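This is what each chain is made of:
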Amino acid sequence: MSSFQITISPTRRAAARFITGVRRALQLALIEESKKRGLTQSDIARELGVHRSVINRELRGDKDMTMGRVGELAFLLGRKPVLLLPEKKVSEGSNHVVDVPQYSVQVTSTASTTAILEKELETQHVAAA
Amino acid sequence: MATIPQLDAAGSLFKLDPALDDDEQELRLLHTSPRLRAWLENELQGLQSAANIEMTPAEQLDALIHTYSSGLPLVFERDFKAFQPKPVQPIGDGVWYLKTPDLRIFGWFWRMDCFIGHVADTTERVKQFDLYQGYRGEVIRFRDGLPLDEPKSIPGDDPNVVISNYDLPD
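Heads up: the sequence lines are chains X and W, in that order.
Going by the numbering used here, the first sequence runs without a break in its numbering and finishes at 129.
Going by the numbering used here, the second sequence runs without a break in its numbering and finishes at 1170.
The following block holds chain X by itself, in its conformation from the complex (with noise of 0.2 Å):
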């Protein structure tokens, strides 16, 4: 099997991933909240006070999204942004070290963000002991 990547700087590499990744539950989040009640591109501009293109090229990477608009996408999609950066663990038995920086994104909701903090409390507490 003769297989090949796609050359590119490991830092690039995690950002381009990082970056789509927030992008990404952004899209999928106004998905969701479109099926549960409504909400449209154009009722976040209205809010936001900017055309509704502009709204849609963010989502869509057409434009880049500031850290502030993240925070404001997730409050009128009735979320809260949690970003984890838990420490780079190398695996017992492994044989390299782990390159790509470990961090993950995650729009959720209110209500389920203190669940989420507690389970990494949790197992950050079982890895500890």
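Mixed in with the good hints there might be a few duds.
What the hints assert, rightly or not - Just a few of them, taken from the derived set where beta-carbon distance is under 10 Å, the chain W residues facing chain X:
| # | residue |
| --- | --- |
| 1 | Asp1008 |
| 2 | Thr1032 |
| 3 | Arg1035 |
| 4 | Glu1041 |
| 5 | Gln1045 |
| 6 | Met1055 |
| 7 | Leu1061 |
| 8 | Thr1067 |
| 9 | Leu1074 |
| 10 | Pro1101 |
| 11 | Asp1149 |
Stated by the list, open to error - For lysine-lysine, the following BS3-like pairs were computed, each having C-alpha atoms within a straight-line distance of at most 25 Å:
| # | chain 1 | residue 1 | chain 2 | residue 2 |
| --- | --- | --- | --- | --- |
| 12 | X | Lys35 | W | Lys1081 |
| 13 | W | Lys1081 | X | Lys63 |
| 14 | X | Lys63 | W | Lys1127 |
| 15 | W | Lys1081 | W | Lys1015 |
Unchecked claim - Chain X stretches covered by chain W per the calculated footprint, using a threshold of three residues with CB under 8 Å from any CB of chain W:
| # | segment |
| --- | --- |
| 16 | 5 to 13 |
| 17 | 21 to 30 |
| 18 | 73 to 85 |
Because the hints were derived from the structure by calculation, they are not lab data.
Remember, predicted model here, so these are calculated numbers, not experimental data.
Here a beta-carbon is modelled for each residue, glycine too, at the ideal position from N, C-alpha and C.
Guided by the hints, dock chain W onto chain X, whose structure is given.
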């Protein structure tokens, strides 16, 4: 006729390694034609975003392939799209394209979650010179000439039979 691994060994197709993390599983596969591999290795690296965004086209494609390969949900018509059948056809010819803000990758699904890409270009050029139908024809010609075991392709334009985990745009 031949299987995908046999075509891979013969240099007729190449597996695109998505460079997943240690804790990720490759749940969707992507192969390329020699032409697409050459484009990805020679042309893609020098491209800048026409949309003037932070991510270069190469970074956009890497991120899309990561999402695709790791089985994360895709968004129909935003990440992948089919050509609609022509008026005389009862069903589409199964040519699809993957999308990023700056790129279009044309190919087909030979099985669910198994994409073979043949040709790529920038979104700007494809739209400016109306290259969609030309690339569609090139994909069909390459597919017809590829000695892949039948059925070579999933016909039609129904996303339910080509992608396992996707959502519809809002």
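The hints, checked one at a time:
1. Asp1008: 5 Å, holds
2. Thr1032: This hint holds: threonine 1032 of chain W lies near chain X, its Cβ roughly 8 Å from the closest one there, short of 10 Å.
3. Arg1035: 14 Å, violated
4. Glu1041: Because about 7 Å separates glutamate 1041 of chain W from the closest Cβ in chain X, which is inside the 10 Å limit, the hint holds.
5. Gln1045: Hint on glutamine 1045 of chain W: holds, closest Cβ of chain X at ~6 Å, below 10 Å.
6. Met1055: 5 Å, holds
7. Leu1061: With a minimum Cβ separation of about 6 Å from chain X (threshold 10 Å), the hint on leucine 1061 of chain W holds.
8. Thr1067: Nearest chain X Cβ about 7 Å off; hint holds.
9. Leu1074: Interface hint status for leucine 1074 of chain W: holds (9 Å vs cutoff 10 Å).
10. Pro1101: 5 Å, holds
11. Asp1149: The hint is violated - aspartate 1149 of chain W has no Cβ within 10 Å of chain X, the shortest such distance being about 17 Å.
12. X/Lys35 with W/Lys1081: With Cα atoms ~22 Å apart, lysine 35 of chain X and lysine 1081 of chain W stay inside 25 Å; holds.
13. W/Lys1081 with X/Lys63: Answer holds: lysine 1081 of chain W to lysine 63 of chain X is near 21 Å, not above 25 Å.
14. X/Lys63 with W/Lys1127: Holds - the C-alpha atoms of lysine 1127 of chain W and lysine 63 of chain X are around 18 Å apart, at most 25 Å.
15. W/Lys1081 with W/Lys1015: With a Cα-Cα distance of about 22 Å, the restraint between lysine 1081 of chain W and lysine 1015 of chain W holds, given a limit of 25 Å.
16. 5 to 13: holds (count 6)
17. 21 to 30: holds (count 4)
18. 73 to 85: Our answer is that it is violated, as 0 residues pass the Cβ test (under 8 Å) against chain W, missing three.
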